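Hey, can you work out the whole structure from these sequences and the hints?
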Amino acid sequence: MEKEQYDFIGQPLEIKNIGKVTGKELYSSDINIPGQLYAVILRSPHAHAEIKKVDYSEAVKVGAVCIGPQDVPEIIYNERIVSIPEKTYRDRTVLPKEKVRHKGEALVACAAETEEKAWAALQKIKIEWGKQWKPLLTLEKALSDDAPPIYDWVYLGEEKLKVKNNIACERNIEVGDVEEGFREADIVIEKTFHTQRVYHMQFETKSAVCVPEADGGITVWTTSQGIHNVRILLGNIFNLPLSKINIKRITLGGSFGSSIQMNSITPICVALALKAKKPVKLVSSREDDFYDHAKYPLKTILKVGVKKDGTFTAAHCRVWVEIGGHNIQAYPYLGCVAGWFASLYKWKNIKYEGTAVYTNKVPTCAMQGYGNPQINFAVESMIDILAEELKMDPINLRLKNYVGKGDEFWGQGPTVRSIIRSCGVEEMLLEGAKLAQWEKRVPHYQKKEVIRKGMGVARGFHTSGTGGPNPGEVIDYSGATIKINEDGSVDVLTALMDLGGGTWDALAKIVAEVLKVPFEKIGIYNGIDTRSTVFDVNTHATRGVYCGGGAVKFVAEKVKEILLNYAATLFKDLPENLVLSCNKELGQAIIYPREIPENYKTIGEIAEYAHTTSWGTLAYTSTLRQKNCPPCFITHFVEVEVNTRTGEVKIPRVVIMGDSGTIINPNLWEGQIIGAFSRGLGFGLLEETDYHPEDGSLRCKGLVTDYKIPTTLEMPKIEDIIVRSAHTYEPTGPFGAKGIGEAALSSVGPAIANAIYNAIGIRFYELPITPEKILKSLQEKEENLRKRRGE
Amino acid sequence: MEEYKIEMKINGERLVATTQADESLLKFLRRNGFFEVKCGCEKGECGTCTVILQGKAVKSCITLALQANNKEVWTIRGMEKFELGRKLQESFVQYGAIQCGFCTPGMILVAKAYLDKNPIPDRKEIKREIAGNLCRCTGYKKIIDAIYAVAEENKKMN
Amino acid sequence: MKQIKYISPRTKEEALEVLQQEKDRACIVAGCSNVLPNLKDKKIAPQILVDITTLESLKGIFKKEGKILLGPLTTINELISSKIILEEYPVLTQAAREFADPIVRNTATVGGNLVTASPAADLAVPLLSLDAIVKIESLGDKREVNLINFFTAPGETILNSHELVVGIEFKQSDINKNGCFMKIGQRKAMAISIATLAVNLDWKENTINQIRIAAGSVAPTPLRLTGVEEFLKNKKLNQELIEEAVIKVSKEVNPISDIRASEGYRRYISGILFKRAIERLAN
Amino acid sequence: MKKMEIEFILNGKKRKIEVKPNDLLINIIREDLYLTGTKYGCGLGECGVCTVLLNGEPVLSCLTLAITVDGKEITTIEGLAQGDELHPLQKAFLKNGAVQCGFCTPGMILTATALLRENPDATEDEIRNYMRGNLCRCTGYVQIIKAIKECTSIKNKGLTN
Amino acid sequence: MHNTRFLTQEFEYFVPHTLSEALDLLFTYQDKRTKILAGGTDLLVKMKTLGIGVDYLININEISEIKNVELDKGLKIGAAVKLSQLEKMKAVKEEYPALYEGITSMAAIAIRNMATLVGNICNASPAGDTIPPLVVYGAKLRIVSKKGERVIPLEDFISGVGETILKRDELVSQVIIPEPYKDLGSAFCKKGRVKADIAKINLAVGIERDGDICRDCRIVLGSVFSKTLRAYKSEEILRGKVIKDDLIISAAKRAAEEIKPIDDVRSTAEYRNELARVMVEDTLHIAWERAGGKRW
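Chains as they are written, first to last, in our numbering: chain A, 176 to 966; chain B, 528 to 685; chain C, 56 to 338; chain D, 103 to 263; chain E, 10 to 305.
One or more of the hints may lead you astray.
Lysine-lysine pairs mimicking DSBU-like chemistry, simulated, CA-CA at most 30 Å apart [stated by the list, open to error]:
hint, chain 1, residue 1, chain 2, residue 2
1, B, Lys598, C, Lys138
2, A, Lys658, D, Lys197
3, B, Lys614, A, Lys419
4, D, Lys197, A, Lys262
5, B, Lys536, C, Lys60
6, E, Lys204, A, Lys892
7, A, Lys450, B, Lys554
It is worth saying that the hints were derived from the structure and are not from the lab. Note that this is a predicted model, so its numbers are computed, not measured.
So this is what it looks like as structure tokens:
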């Protein structure tokens, strides 16, 4: 393991981006263009109904510009174009043409001088509905033979596919022979698990501002995790050359995966602006946003075979996901679920069957984790179930079977396989157990108090990006332009987004480290758009630091080469004889001939000389594809206190162990882990978007009042959240770094469930574990005991 | 300061807004988002801010906003609604009559108002008519060419 | 904070009432080509703007009983396109064509040009040479003033703050039919003149019956060169006389040096303008 | 709807504007006065993102009619720093990594200023309780609480509850 | 669907500076949709989410007569008094702990800086957090109109979900809370999905102690019926009895039987039944201890 002293990497440098504390940071919803119109959207009151006629003439009469199904291009697309086209299912248009497929689906949009005016115009729109169907809200209903088809056909790449039984896509994988594996096993256990739909509740509702430009092009500010993909999609939908579309990179008020795809309101805003020939601003209301996206749920039937010594022999995993009214790429989701399932433990023989099913609910998409919080709930609960059955310590069973260094793992699904080169799993389990005082853990049957304590452990991982030795189904590369300015400061131009996790700071540190230029002198925050940058796929898949950072490091090294070559002409020496280092006193990077540090020149001087003597800018532009997606591991040790009289759960303490290789930004790395824990806590105990069974509306009615996320009071105290990093170094990562983002949430749910089991001896197979469910189960348990005792 | 509510039709669309007694039409238009009306001198000297008011080219910097009350105003943005407007725009582009583009809106509007009145002028007449619009980039020749080309086309069509 | 109001009277009487009430607090606006720049430069600070552009009765060119009455709101372009002015009072058409630029001519008015009382007021010169009379009204009162007596100093006229110019009148006559306007500016359009000159001539068989010469930008106010006029009256028109008159013109004007030209040049060029004008009229 | 003139002090400066009776304070601040630091989160007073200070007390601008602030004093996040000198809370938020996406940050900081004024020695529990109406989806609050704790009075420094 | 970004209602707005001005306005516009604006935290939410119509809006926050709390043999709380103002008062915290707990359990500081006590009452939500404590303390409401005034017990005021007996020209000007009995022990308890939430159940109890005996008591629950509900039968079990643990347990059980909760987005009826029992039991214990009673 190579370790070096870094000037910037791993240093707890202050965040430079002070706009966020002074209120000056601009988000899409803060952009105001003089003369702009404000847009509002009419959303479907029905969950599944045929659109006969949309008449907005009365709205036009009161001065609104309107678009309806008849006005939007015929192009059928998928808003998430991270996968290669041949593996991308396409089912939607900007506004639905023939029918609506979930309540709250955008149907018509109006723009006017004020939001109020637009809203008033909206009320004048008349819609004639045709046939209406009872909404299909569950997997079972949607799959049943008499279910009305939500789609008759969709496209996969260029191929037109008939949709059968509302199945959006399927993915089946088999490795080895599971039947044989189960025969070898001493114990075979099968359980069914459910994870629920969760709403992202990112604070900035989906927003867009679109300015039609004089050349027929458009400039767009919108909530997006990947501006280049938005541009490609808009070019395709509106038949505009990409050179006429400019998407601005602008700070997002949270996202958690909900803007990997182009948000549904973005093309609506563009269509309005193109029609109105005026700038249009569209800011979703919170209710709009609730009806726009949700986290993929998952039903899992997991069957595992194990020998008495704790060796696994086979695992059969069947999963179903009800995806809602549109398919925002459930196909790679099913692949990733397979990958997470297959790569956490050595099952030996694997069978995986995944099915995605359309329902008349809000379309689902990624949300911090792309299937791993969901499948890990099943896998990690199962490990505890097996450990109990085997009378083994759950940590030992994990240590015995985990996929680790030197093993092959499936990164983003079965098509991206590579070898693990850095792995802190053992350290995390053992060190974490120490910090959590695992040895004091007692079995549930020894607990009799009203408030029962329990502790649970769970593991998870996410890949750092989606790269593999060979390009697979997922597009993954990043790019940057880096230039040394005329005073020796440095500009980094990259389309990579920072979702709040500190990606830009991390990238700046990487560049600082390569060029030895002080962190403060790196410009990275603003002034970026698609036109000024080369492609970057997206800030998703926990790829920011590993892939984006890898790319800026690659480009920075090229700039360094140019710099040294040029400096060599000044020093009348060879570049390899020059030393580049950071002089902290000067606050400058300096270059000097080896062994003669006193003859230094600052790179400011060199750059200025290059400038005034017309040598040109020291700059480089390129893209880089990472050929790996190393797993960043996470392990949660969660303590719970379950009140057996009320069913309430409190989390007094948690130990979180993370493995991200070298940590570039310690502060924000920890921040991401703790933040993920709060969302995991919501996922495990609190949150669910459930639907009215009759009309397919959200039971929370799109109100934050009735969609509760954790507050300050639900979180453990400062000193009771212990976050530690494993001591690893990823040889393929920039300065040894891997990712963290999505990994951080992937084991919170099962750790809570395992802890609750340890507290009260009740296994929950369904999230969230609410007080209602706990109390009911406790009463049933009591009842059963009484029956067993013959009372 | 007392405010006055005024109403006008700008590029065919109704606008109701408030103004003050001494506000020029130029300021009023820009304040309401019509940034295509450029401000050059605010003294009526350069013609950059020309708009068409009730069919006539006027300099919006020396017109009170209140004087446009209940009237029809066209700016360069509205020109694409007219065949002549579009022809002029295309001709300006084709003839390289645009460099920095700041005087262009005024030039096209003056040309439009003039050609409406006199569809087939000669070069000299055109030259005289745009005399109130200054241009620092082009040296006017290509602007006159561009307008003349439209006049020629008009001639052919008649 | 400044408080400017705006009023747009519906009738002349209403306008006069406002003026009576507000006196010098009021500023009349019509074409606005001077008022807005002046407001901006804080050269004027009225409390109320009286917009008279809606007063239809003050617009138009009327012919009656051997006279022409110009409504003060007649725009310069309306003058240019008036056939009767072109035929009967060509000096005015010529001057109007030289006025500012084609766009300003769409809004600038005759009355406005006069009351501005710029020494360089382009329309004052031909109107002087047409021997025009200014009709003035105030609430319950009327008067007429010969244009010669109208201007008192740069930017000043005999007009009282409660008065309104309601018409400009001049006679239909042979002399008025035969006029010529000359202008020297720094460029052809939109130029404030260095010197302007208008001549109206009535002559028979080489003898000058009557001549009117008016000049602009060469004195604190536009003026008639009555000395030269007197000198020429009843004289035979020949080259010598013209040369002599040219010298007298140069002497009678009273110009200053400014950014646009020097005093000497203005004197010289006034003579030249006169020479060109009279030669054109004589031919 | 008839507009009415109101006068109030915004970030130390007197402002006179016309509003309709049904205009919400948040929209006037964001759209008319271009202070976009105050964010829209839910529109129902549930998330705290739109918090501003009214006469020094945190209130929710999404549930406040602009017309009712006539004669009052409003502070938004833009009014907190003294010139270029950041408020201690702003510094502490940056230092402690209490900012991720930044959308909740303005409301958080404003609420925290009121807390520290009311209770300069606030304990962690008191901070957590006071801040409970300001939701954050990114950070999990811990670093926010840490940052606020760091700004409590000196005698409270270093003490846990 | 609704929109929470702006108000679509257009209304005329008044800011009276005296009560009589306000009452005149209420009288004049009693046939119209006239609403009182105090904190706005319920009214504006309802305007946004339910689209309730408003023609005239009367902001009562500038009426000085109703901005104070009078401390004279109990409390007299004006209609424009903010909840945060009350929670900062020593008298409230010490003498009416259930009210203090009810108030501080509500939402967040920013909301309590805006919302008023009278507003919480008039909103007449079954989950209103101040109503159970106020009923426990025997609060009365002063109701005024142009024609005169009347004082009625809070218990008689709310008639259903969001409904009260207030006439259209009337205004609740004051909440009158009598001086508590010297050995009164009272407590409030609430459970939500998160700690600061609209209640799954909230409740307040008050026990007047006379030695070991419960002289009188009140058990008042919210979110378990269309309006705040008094568990009379449960109270009956305790009244006049020597208080012991088993008595409290049976009173709690009885209270759980008296309530009629429903399934909604916040919880289930089943859970509420069970929760009510636990909460009543725990809260009775606390109240009894606060009354100075011993536990046995």
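*Of the numbered hints stated previously, which ones are contradicted by the structure, given in increasing order?*
4
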